[in-house]
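Engineer: Here is how the chains run, residue by residue.
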Amino acid sequence: MTDPMAPLAATRANRTPAILIAVGAVLTALFIAAPLLVIFDQALSKGIDVYRANILHPETLHAIWLTTLTALVVLPINIAFGVTAAWAITKFEFRGKRLLLTAIDLPFSISPIVAGVSYLLLYGGLGLWGPWLMDRDIRIMFSVPAIFLVTMFVTSPFVARELITLMQAQGREREEVAATLGASGWQMFRRVTLPNIKWALLYGAVLCNARVMGEFGAVSVVSGNLRGQTNTLPLQVQLLYHDYNATGAFAAASVLTLLAFVTLILKAILERKAFDRRS
Amino acid sequence: MFYLTLIVLLPIAALILKTTDAGFMRFWEVVTSPRALASFRITIGAALMATAFSAVYGLLMAWILTRYRFPGRRILDALMDLPFALPTSVAGIALTALFAGNGWFGRFLEPAGFPVAYSIAGVAVAMAFTSVPFVVRTVQPVIEELKPELEESAATLGAWQWQTFRRTIYPAIFPAHLAGCTMAFSRSLGEFGAVIFIAGNLPFETEIAALLIFIRLEEYDYPAAASIAIVLLAVAFVTLLTTNAIQSWRLRRVVKD
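Line by line, the protein sequences are chains R and Y.
Take 1 as the starting number for the first sequence in the working numbering and just add one per residue.
Take 1 as the starting number for the second sequence in the working numbering and just add one per residue.
Since the hints were made in silico from the structure, they are not lab data.
For each residue, glycine too, the CB sits at the ideal point set by N, CA and C.
Keep in mind that a hint or two might mislead.
[To be verified] DEER-style ranges, computed between Cβ atoms:
(1) R:Gly-125 / Y:Phe-24: 20 to 30 angstroms
(2) R:Gly-96 / Y:Pro-111: 55 to 65 angstroms
(3) R:Met-134 / Y:Ala-234: 24 to 34 angstroms
(4) R:Glu-176 / Y:Tyr-3: 41 to 51 angstroms
(5) Y:Arg-253 / R:Asp-41: 20 to 30 angstroms
(6) Y:Gln-161 / R:Ser-184: 50 to 60 angstroms
(7) Y:Phe-24 / R:Pro-17: 27 to 37 angstroms
[As the list claims (entries may be wrong)] So, partial list: chain R residues that the calculated Cβ filter (under 8 angstroms) puts toward chain Y:
(8) Ile-32
(9) Pro-107
(10) Ser-109
(11) Ile-113
(12) Val-114
(13) Leu-120
(14) Leu-122
(15) Leu-128
(16) Pro-131
(17) Pro-234
(18) Tyr-241
Go ahead and model the full structure; you've got the sequences and the hints to work with.
Structural biologist: What follows is the structure, given as structure tokens:
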């Protein structure tokens, strides 16, 4: 810094970050924060009493219940799948591993609508198994099980993805040590693997849950949109909106927005726990 | 892996089987119909616009969030995940409320001759909103790992800041940036929930491919729905393979370094 031009260069260099930060912050305020604010602005536009009545409307309450139920069913299944898949991929060598990895990622790149159509063509009345199911009076499409199934499809990669990344970084030495000490597969998993991945597992579960509760496209294809029966909360938002009940739609949306806030907070906490202690 | 077959692969197989059932001529007729072609053009056009915006905005955010320390950084960082955490139908009605003629933004944009809601720009806005985290989150870890010495040495050699960025930093970020943009593009192509509220959904103008599938389903025209779905599926496959190829190219470059 003995250069006589240094002070000038320094002011120029110091101004660039400030400008970049300002531009970034303004864009984020307009593009991401404003949509958030508008939800609550609209939801409360007719006062707190109307808001409360909207939330406590039986159809909306039922939608909240159905969304919660979907999470209770789908989340444990996809956690189990994610752990199994990540365990198999990172701790063992086998043929077709790359193919399996691609298959796990597949639901991420497929449009939810395409997922919904696929299920319709498999289980629907005109679908592949439709006639067989119909003969036995089993109805899967346009009912609650259909919602569970497509949600499982759409959200299956979340836990697996997070765990694969972490477990690949951790390697498998510890498991090998456990194996030479005579641990069984289950003991090895519970005592060695699980403690190392628990925060990443929770992290993946939080992300998975957000998508489970928020899935719209795939669910709207297969749910049949029966009011008070197969309407999840994201679908209820659309229904109310198309009924020209914007205040009601935004009230229902505000519940989902609060859920998104909880997700973000949990995510921030878990992220630090899961990935800072990796080394 | 039985689960994967049952939940993921089987339905996709059903989709492909059902389309081949109807025959290739029927498939071709559906996907080359003027309305379907228009929907592909609108979807791809809007997705390109959205990805262009996400590429710039996402890169900027990834850069300032990793390189600078300033008050509110953590909030800004957390907000980057909001589009992933917020259900798409909620994002859809919120963006529509903002950009509609009487909304906070639409109030100024519409008189200025720049209508966003119920136009292809609205489709692009919705797509950009739901896909920007892909760019931010893919680029961020790579910037974190860049060695600051790289820039310092370039700076002492007298390179301008912009030149430093272009010549020494961006090439290192490029593969990750490209991967993030591909993912954002792929997500934009398939986006449904956020788009249908703001688009207005006029055939030939703002009707996206995913919505056309939905409409055909409601008409019980399953073969037509399946045919359009196959096209989206094929595009998804291609982008997935591209992303994988970019990722392994990245890995090879890292190993070489």
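Engineer: Against this structure, judge whether each hint is valid.
Structural biologist: Status of each hint after checking the structure:
Restraint check, Gly-125 of chain R to Phe-24 of chain Y: a C-beta distance of roughly 25 angstroms satisfies the suggested window 20 to 30 angstroms. A hinted range of 55 to 65 angstroms for the beta carbons of Gly-96 of chain R and Pro-111 of chain Y is consistent with their spacing of about 59 angstroms. Checking the proposed 24 to 34 angstroms range against Met-134 of chain R and Ala-234 of chain Y shows it holds: the Cβ atoms sit about 31 angstroms from each other. The beta-carbon spacing between Glu-176 of chain R and Tyr-3 of chain Y, approximately 27 angstroms, falls outside the hinted interval of 41 to 51 angstroms.
Taking the beta carbon of each, Arg-253 of chain Y and Asp-41 of chain R are about 47 angstroms apart, not inside 20 to 30 angstroms as hinted. Checking the proposed 50 to 60 angstroms range against Gln-161 of chain Y and Ser-184 of chain R shows it holds: the Cβ atoms sit about 59 angstroms from each other. For Phe-24 of chain Y and Pro-17 of chain R, the Cβ-Cβ distance of about 58 angstroms falls outside the hinted range of 27 to 37 angstroms, so the restraint is violated. The interface hint given for Ile-32 of chain R is met, as the beta carbon of that residue sits about 5 angstroms from the closest beta carbon of chain Y, less than 8 angstroms.
Because the closest C-beta pair between Pro-107 of chain R and chain Y is about 6 angstroms apart, less than 8 angstroms, the hint holds. Nearest Cβ of chain Y to the Cβ of Ser-109 of chain R: about 4 angstroms, under the 8 angstroms cut. The hint holds. For the restraint placing Ile-113 of chain R at the interface with chain Y, the shortest Cβ-Cβ distance is roughly 4 angstroms, inside the 8 angstroms limit, so the hint holds. With a cut of 8 angstroms, the hint placing Val-114 of chain R at the interface with chain Y holds, because the nearest CB-to-CB distance is about 5 angstroms.
Because the smallest distance between the Cβ of Leu-120 of chain R and any Cβ of chain Y comes to about 7 angstroms, under 8 angstroms, the interface hint for this residue holds. Given hint, Leu-122 of chain R at the interface with chain Y, holds; its Cβ is 4 angstroms from that chain's nearest Cβ, closer than 8 angstroms. At its closest, the beta carbon of Leu-128 of chain R sits 5 angstroms from a beta carbon of chain Y; the interface hint therefore holds under the 8 angstroms criterion. Checking Pro-131 of chain R against chain Y by beta carbon gives a least distance of about 13 angstroms; that is not within 8 angstroms, so the hint is violated.
The interface hint given for Pro-234 of chain R holds, since its Cβ lies 4 angstroms from the closest Cβ of chain Y, which is under the 8 angstroms cut-off. The interface hint given for Tyr-241 of chain R holds, since its Cβ lies 5 angstroms from the closest Cβ of chain Y, which is under the 8 angstroms cut-off.
Hints 4, 5, 7, 16 from the list above are not met by this structure, while the remaining hints are.
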